[in-house]
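Undergrad: As a plain string of letters, each chain reads:
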Amino acid sequence: MLIVEAWQFIVAHPARFFGALYIHVALSAAALGLAIAIALPTGVLLADKARATLLAITAANIGRTLPSLAVLALVMPILGTGFMPSLFALTLLALPPILINTCTALRQVDPDMVDAARGMGMTRAQIMRQVELPVAMPVIFAGIRTASVQVVSGAVLAAYIGGGGLGDFITAGIAMMAMPQLLVGAIPATLLAIGADRLFGHLQRVMTPVGMRAR
Amino acid sequence: MIEIRGLVKQFAGTGRPAVDHLSLTIPEGEVCVLIGPSGCGKTTTMRVINRMIEPDAGSVLVAGRDVMTTDPVSLRRSIGYVIQHVGLFPHWTIAENIATVPKLLQWNQARIAARVDELLELVGMEPALYRDRYPRELSGGQKQRVGVARALAADPPVMLMDEPFGAIDPITRARLQAEFLRILRGLKKTIVFVTHDIDEAIRMGDRIAILRDGALVQYDTPEAILAHPADAFVESFVGTDRALKRIALLRVDAALEPLGSPSPPHAIPADANLRDALAMMFSAGVDALTVTGDGGAPVGRLTLSGIRERTRATDP
Amino acid sequence: MKWLRNNWDQVLTALAEHIVISFTSLAIAFALSLAIGIWAARSDRVFRWSLAVSGFLYTIPTLAFLALLIPIVGLGKANAIICMVAFSLMIMIRNVATGLREVPAEVIDAARGMGMRAGEILARIELPLALPVIVAGLRIATVTVISVAVVAAYINAGGLGTLIFSGISNDFAPKIWVGALTACALAVAADLGLALVERWLRRRTA
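Protein chains in written order, with this note's numbering: chain Z, 1 to 215; chain R, 1 to 316; chain A, 1 to 206.
Hint data in this document are derived by calculation from the structure and do not stem from the laboratory.
For each residue, glycine too, the CB sits at the ideal point set by N, CA and C.
Don't take every hint at face value.
[Unchecked claim] Only part of the chain Z face toward chain R is listed, based on derived beta-carbon distances under 8 Å:
hint : residue
1    : 44
2    : 109
3    : 112
4    : 113
5    : 115
6    : 116
7    : 118
8    : 120
9    : 123
10   : 125
11   : 134
12   : 135
13   : 138
14   : 209
15   : 211
16   : 212
Can you make the complete structure from the sequences, with help from the hints?
TA: This is the structure:
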């Protein structure tokens, strides 16, 4: 059975497998972390500027339509191959969903709530930190969840620009028409993506303030 | 006390100022109701007091200090603010909502907790039951009670209320108005209350400021406005039933006559108002009622002609 | 670019291939999702079940999905199309079902009261009113499918990806530029076009 052969392959080449797995996770986690670190504060800073927000959302929407492999490939002539260029490209891919969700979520906060907070004497920073961000968190986290799946998926493609990761087994498997190797890449990658979706889905629920959870 | 001097505010893209050289003095400890048709500038005026809106000209002094020279954030922390849709924070418990300003002022935990319970009692909601609930579990009336409690939390000398009972059904609204008046009786606060409902204004206000197109038309006690409306606009604004509204401000014992005999079959308490007495007379088809005092004992009588005499006595 | 001027026919062929497999997948997915979507709009259980299954499919990384299909269907266009259809199904079923469910009950009631038959109501009332939401889903599916098609070049499905992969393995930058940028332009253009259609539909049924 193919799956058994795939398993045997892993057992025979543990260093290669776990090395690739490690790079895959590292690449994904780093790209996601960077994207959050850039997109979230940007969304917060743009919160009061309607036109800038609209521009950012439009740009992010265009970014979201770009094919992942095209973005990865475009990075190569400029930055070369390897881990860092892959990280750069993957971060770019993860930015749009997080930025769009952050901006939209903040824009949808009940204006009466913000008016009451302002009228009671909260500073702008206090309103953002204590009222707007917590209330917007569920939607922001939905964006992070989407981005996480996109990043794990994109990291598979990073194999094409020398980024390493589980994609290497898939490309090697296709080149040599070796099915077991193919599965060694494909199945763990799939499991990682599903795992990321589950993890962030759970985190999304955790990050939803108790007073706002679906009963 | 609040002094508004020559206040002017025009919003960009509008044809005329929202507030047009408005001057008004609200004595300390009074409830001043700002009322008028849509667009008369009442909400704008209120929002200048806590600097949610910046005026184009004129000045507003709260307790002698010009609001424009005071840091807006500390100004607002010293003024209670209640809006129509309350704006409770859904992610905080009722206790945390009420504790908002005390926390900003960095009170200690124990003091905050005690204050929260005190305020929940004051607005008629049992602390143990409501303290840890969330806004979405409350009805509209309960939410607004919490809104009032939240505004009173740091015990501000001034309170601004923008149509606070506007989004509530009429039955609950009447109850909340009565409760708020009861709460106010024990406190010494200067209150600016915005509404578009003349009955609410008459009920809640020590003084009413009628505004139209950004200008002050009349500023006086409810009785005076009902008795002597300044012009045709005010006359139609307070309603064609203003005679009845005036009568409703008087109590039955203001027109009390000796009981005599035989005592009329229908009775009314001495502390009811004259309009309710008239209503009872009409529905029973009589022109006299027995007036009862504490405990239901008859203390006198009330007649239709007596009511007429009494109201004529207060005419110009 | 010199290379582009000399090889524009190659680019056009790749572009045409790309559009053909994308369009084919979308057409199949659209038909399937209409059928399943209508069923899911009527039945809560089907709605939840189909959402769960297609949601799961959507999470699978593109290259992994294509790879997993190789032992079953081999390489080539068929493989790519199956993958693209699978990805499109989630969004499209969800949007067809949601769009239909959002048609106000009074409207359907009025139609039935006037003597329209179920099939007529579906075709002349429900679907037209659900169209904006359906097109919104089609928009996301289109962008997804174009993206998958780029990768599918690696398993001999043709398309603009061939230029990219050739450029990478020969370290020839112009091919990468042309392939990648054309793919991006195609995706953006398709998204924009469908966005305009969606906006026009929303205004019409508002």
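Undergrad: Would you mind marking each hint as holding or not holding in the structure?
TA: Verification of the hints:
| no. | hint | result |
| --- | --- | --- |
| 1 | 44 | violated (17 Å) |
| 2 | 109 | violated (10 Å) |
| 3 | 112 | holds (4 Å) |
| 4 | 113 | holds (5 Å) |
| 5 | 115 | holds (6 Å) |
| 6 | 116 | holds (3 Å) |
| 7 | 118 | holds (7 Å) |
| 8 | 120 | holds (5 Å) |
| 9 | 123 | holds (5 Å) |
| 10 | 125 | violated (11 Å) |
| 11 | 134 | holds (5 Å) |
| 12 | 135 | holds (6 Å) |
| 13 | 138 | violated (10 Å) |
| 14 | 209 | holds (3 Å) |
| 15 | 211 | holds (4 Å) |
| 16 | 212 | holds (5 Å) |
Checked against the numbered hints listed earlier, the structure breaks hints 1, 2, 10 and 13; every other hint is satisfied.
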